[in-house]
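S.K.: Whenever a hint applies, use it, and build me the whole structure from the sequences.
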Amino acid sequence: MNTKRWIALGAAVLLLVFSIGINTIISIFKTDFFSNFDSLMATQPEVLETVVEPGDFDKRIALITVNGVIQDVGSSSPFSAVEYDHQLMLTQLENILYDDSIQGIVLSVNSPGGGAIESAEFHELLVQIKEERNIPIYVSMGSMAASGGYYISAPADKIYAHRETITGSIGVIMQSYNFSDLAETLGIKFETIKSGAHKDMFSGVRDTTAEEKAMMQEMINDSYEQFVDVVEQGRGMSEAEVKKVADGRIVGGSQAIKAGLVDELGGLDDAIASIRADYGLEDAELFEYETGFGGDLSSILGMKIGSFFGPSPEERMLTKLMSSYDAPRMMYLYGEF
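Residue numbers (full-length UniProt numbering): 1 to 337.
Worth flagging that the hints you see were computed from the coordinates, not collected in a lab.
Heads up, a few of these hints could be off.
Said to hold, decoys possible - With a straight-line Cα cutoff of 27 Å, these simulated BS3-like cross-link-like pairs (lysine-lysine) come out:
| # | residue 1 | residue 2 |
| --- | --- | --- |
| 1 | K243 | K130 |
| 2 | K199 | K189 |
| 3 | K158 | K59 |
| 4 | K189 | K158 |
| 5 | K199 | K213 |
| 6 | K244 | K258 |
| 7 | K189 | K213 |
| 8 | K158 | K258 |
| 9 | K258 | K243 |
| 10 | K213 | K243 |
| 11 | K244 | K213 |
| 12 | K213 | K194 |
| 13 | K158 | K243 |
| 14 | K59 | K130 |
| 15 | K158 | K244 |
| 16 | K130 | K258 |
A quick note: this is a predicted structure, and the numbers were derived from the prediction, not measured.
M.R.: In structure tokens form, the structure reads like this:
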């Protein structure tokens with residue numbers, strides 16, 4: 001490495017050491033260090049609250065932000081940050097379930113969707129909150145709230161979207177790489193010993209048979225019908241009305257209103273103002289959750305360290321193609337694989 005690169009690397013290391021020191025000192029003062037050593041060393045972040053708009057503490061509105069792919073890829077730590085932390089999201093919803101001071105939820109969604117299971121877990125907790133707490137849930141869609149992003153929005157009492165918001169994409173997808181032709185060109189042969197004819201189906205090392213495609217299509221269809229049911233129940237629509245737009249198509253905000261998927265055009269401020277006016281929450285405190293790890297600093301550190309030691313984009317793509325251990329799975333996802 002040249003001198004400039006060494007200097008930059010040294011700065012990143014110093015920043016990392018400083019971050020670890022600050023987090024450790026804060027943890028010591030916030031906890032009984034000796035009796036809670038295990039919790040201090042744990043990687044699960046502590047859920048904190050930040051007041052966005054001060055007001056009545058006994059009558060509060062929770063602002064929940066869903067940003068990124070809805071997928072359980074682990075939690076943030078002092079060394080790295082994840083864009084979407086699924087377990088943290090579930091913890092936030094569980095807190096709301098048992099916090100009587102919270103009288104409303106504004107869900108800010110900017111997501112292309114994600115895993116079918118993760119989307120369902122999020123949705124089920126929202127429905128449980130509605131049924132057990134009987135509090136309103138308003139959604140503000142950002143630039144995208146598609147597929148799983150719409151799945152988790154469906155139970156809301158009112159949905160706002162921008163005219164330019166990409167939403168819809170109601171459906172299920174399962175994808176895999178088939179690199180058998182590439183392997184043959186490179187002289188790579190796959191030797192497989194399996195207990196049944198279909199044990200290596202959709203593995204990418206051979207073509208999928210018509211029978212196997214039919215098997216997977218049956219699974220996809222079942223998950224699709226579940227998605228349609230969620231929209232029916234959440235939006236008060238008939239099955240026929242939902243299926244008119246539930247063919248995977250994306251729609252803009254205005255189209256979504258015509259289709260019955262969205263209620264009004266507007267942004268986050270409009271959703272907050274509306275839930276206040278509709279439910280007598282004008283004086284309610286608005287707060288949001290955060291983690292104790294300092295996400296911004298973690299993101300900076302992760303970016304800096306990754307730029308020095310991480311692989312190039314081409315190397316990451318090749319690694320994903322040839323050595324990924326994740327099996328294909330059903331996704332409520334639009335726009336990326």
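S.K.: Please go over all the hints and tell whether each is borne out by the structure.
M.R.: The hints, checked one at a time:
1. For a cut-off of 27 Å, the pair hint linking K243 to K130 stands: about 25 Å separates their Cα positions.
2. This hinted pair checks out: K199 and K189 have alpha carbons roughly 18 Å apart, not beyond 27 Å.
3. Distance check on the hinted pair: K158 and K59 sit about 20 Å apart at the alpha-carbon level, within 27 Å; holds.
4. A distance of roughly 55 Å separates the Cα atoms of K189 and K158; the hinted pair therefore is violated under the 27 Å criterion.
5. Restraint check for K199 and K213: the C-alpha separation of about 14 Å stays at or below 27 Å, so the hint holds.
6. As the CA atoms of K244 and K258 are separated by approximately 12 Å, the hinted pair is consistent with the 27 Å bound.
7. A C-alpha spacing of about 24 Å is found between K189 and K213, which places the hinted pair at or below 27 Å, so the restraint holds.
8. As the CA atoms of K158 and K258 are separated by approximately 15 Å, the hinted pair is consistent with the 27 Å bound.
9. Simply put, K258 and K243 have alpha-carbon atoms about 14 Å apart, close enough for the 27 Å limit, and the pair holds.
10. Restraint check for K213 and K243: satisfied, since their Cα atoms lie roughly 23 Å apart, inside the 27 Å limit.
11. A distance of roughly 25 Å separates the Cα atoms of K244 and K213; the hinted pair therefore holds under the 27 Å criterion.
12. Restraint check: the Cα-Cα separation between K213 and K194 comes to about 19 Å, which is no more than 27 Å; the hinted pair holds.
13. Under the criterion of a C-alpha separation no larger than 27 Å, the hint pairing K158 with K243 is consistent with the structure, at around 21 Å.
14. A distance of roughly 17 Å separates the Cα atoms of K59 and K130; the hinted pair therefore holds under the 27 Å criterion.
15. Taking the CA atoms of K158 and K244, the gap is near 21 Å; set against the 27 Å cutoff, the hint holds.
16. Restraint check: the Cα-Cα separation between K130 and K258 comes to about 26 Å, which is no more than 27 Å; the hinted pair holds.
Against the hints set out earlier in the document, a violation occurs for number 4 only.
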